[in-house]
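K.L.:
Protein sequence lines, in the order shown, are assigned to chains A and B. Sequential numbering from 1 applies to the first sequence in this note's numbering. Sequential numbering from 456 applies to the second sequence in this note's numbering.
Hints listed in this document are in silico derivations from the structure and should not be mistaken for laboratory results. Be aware that one or more of the hints could be misleading.
Pairs of lysine-lysine residues, derived as DSS-like cross-links and limited to a Cα-Cα distance of at most 25 Å, are as follows [unchecked claim]:
hint, chain 1, residue 1, chain 2, residue 2
1, B, K509, A, K334
2, A, K128, A, K413
3, A, K152, A, K128
4, A, K334, A, K131
5, A, K327, A, K128
6, B, K508, A, K334
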Amino acid sequence: MNDKPRNRDHLPIILDSIADGVFTVDKNWLVTSFNRAAERITGVSREEAIGKPCCEVFRASICETNCALRQTTQSGQPVIDRAIYIINNDGKRIPISISTALLRDEKGSVVGGVETFRDLSVVEELRKELKQRYSFEDIIGKSSGIRRIFEKLPLVAQSDSSVLIEGESGTGKELLARAIHNLSHRSEKQLVTVNCGALPDTLLESELFGYRAGAFTDAKRDKPGRFALAEGGTIFLDEIGDLSPATQVKLLRVLQDGYYEPLGGVEPKKADVRIITATNRHLSELVKEGKFRLDLYYRINIVQIEMPPLRERREDIPLLIDHFINKFNRLRNKFITGVSPDVLALLMRHDFPGNVRELENIIEHAFVLCNEGYIGLNHLPSEIRQRAESSKPVSALKSLEDLEAEFIGASLKRNHWNRLETARELGIHKTTLFRKIKRLGIALPKEDGRYKTKQ
Amino acid sequence: MIIAVTIWNNRISPVFDVARDLLMVDLDDGGDTSRRILSLAGMSPQLKIESLKKSNVEMVLCGAISESFLRLLTTNGIRVEPWISGDIEEVIQALLQNRLSDPCYCMPGCNRFRRKGGRHRGSKRHRGK
């Protein structure tokens, strides 16, 4: 008989002992109980909370428009683990997840509601920490290709050797050049970028090496070139494959002897500049075609780094999306939470011919149309939506097996079909890999990659 | 002077960051001369600031506000009186009578800020002008 009242006496002690915040409200939305965790998370004491409207105590992002407790009282259905934020008494946005339920009396009549909430700040912090592990300077990624670049980047940066970066347009070659410069002993001096494809040949030469007064009709005074500007620092020559044979010779001289001659000058100038080059074409093929000097190719290709296209590192797409959302939230003063699951699914299967730059543009486009909350399909460029619809008309999501086959196939291709290397990269035993290749029906080329490892 | 008060169900809205409506009150010679509602629904923070500036708002009275939004308002020269709760009419009267720092207008848990007299406030003008 006396058990019930005794249990009721224990209730505050039980509520105070749990780590989740709990509060209850009456039918007028006034707070009737407030546990210790709720005090800690909101920064509001129990004495101040009780008897006050719950929205003024809880101060959640949904109070005004989409109150979860109100929804529960109207529908009778509980809300479970909805992610929102509250503003604590320090003005900090605290990410939390909430769940709600109705409170009934002994006769079953609704007398109020209960809301439990969990502080997700630690989860958010961990997520940020994880993100730090997956970024190097401004390059973001956790895929094996990017991880390999992260591993060798500090060594490459300190070496002072010439670096050739190969990769499709939009893969982040300039970011990589900047990272190498920032990590090198030359970081105090300038990084000067020159796009060799953007300037006509005659202009490029004077742009790179400068000119002396009187070198040509309009040369009234000396003009320092980009090499002079980069003295002590780094020069980044993008689209190096577009250099004319004449400029190639001059560049070769800088690399071989460390000297260059400004246009119209008679005395060679010493250059203390590190050269990083980049191209979106296969330079070795241009050499074979006789369009690029072999000796220059060897000089600039002391260290070669290949930036993988985004379609070969799809696992980095969610990280990159997060990165760009944070970036544009800061730039545009917006509070976009993320992308909806259907947008993520669409972006995960998009081929990104424009690589990371294309993804960045898609997010930037969505920021114009979306003000807060999640980026939905309607915020994406119509071209992306149409392309995705035409490529996969019925089933949007691939099966787990399809994804596994695609992932293993990409890894095999990266490792030139060498099964042992692939198994090592995937962190599985080679027999497991053989079994998976057979079960998933992955077609292998006739060429045997056993003796051909990647460069 | 034009002041903007976040309004929801005739009370100060709980969170400025997501408030949809602002009651614009023109205070001339200490009196409340004209009123209108400014809708902020669906606007980005930047647009909200631009709307406030376009309406010549000099002071905002609101409930809870995130640090980042508060900074955005004050750096744009808008004075902010945050952490206020209560009925809109009572709050406006309290402002006119210089009683806004009374504990009854403080949001629960926010007494300490308001007693300090302006940790969160923007600069420029004094209250009750």
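K.L.:
Which constraints among the numbered hints does this structure fail? Numbers only, ascending.
P.N.:
2
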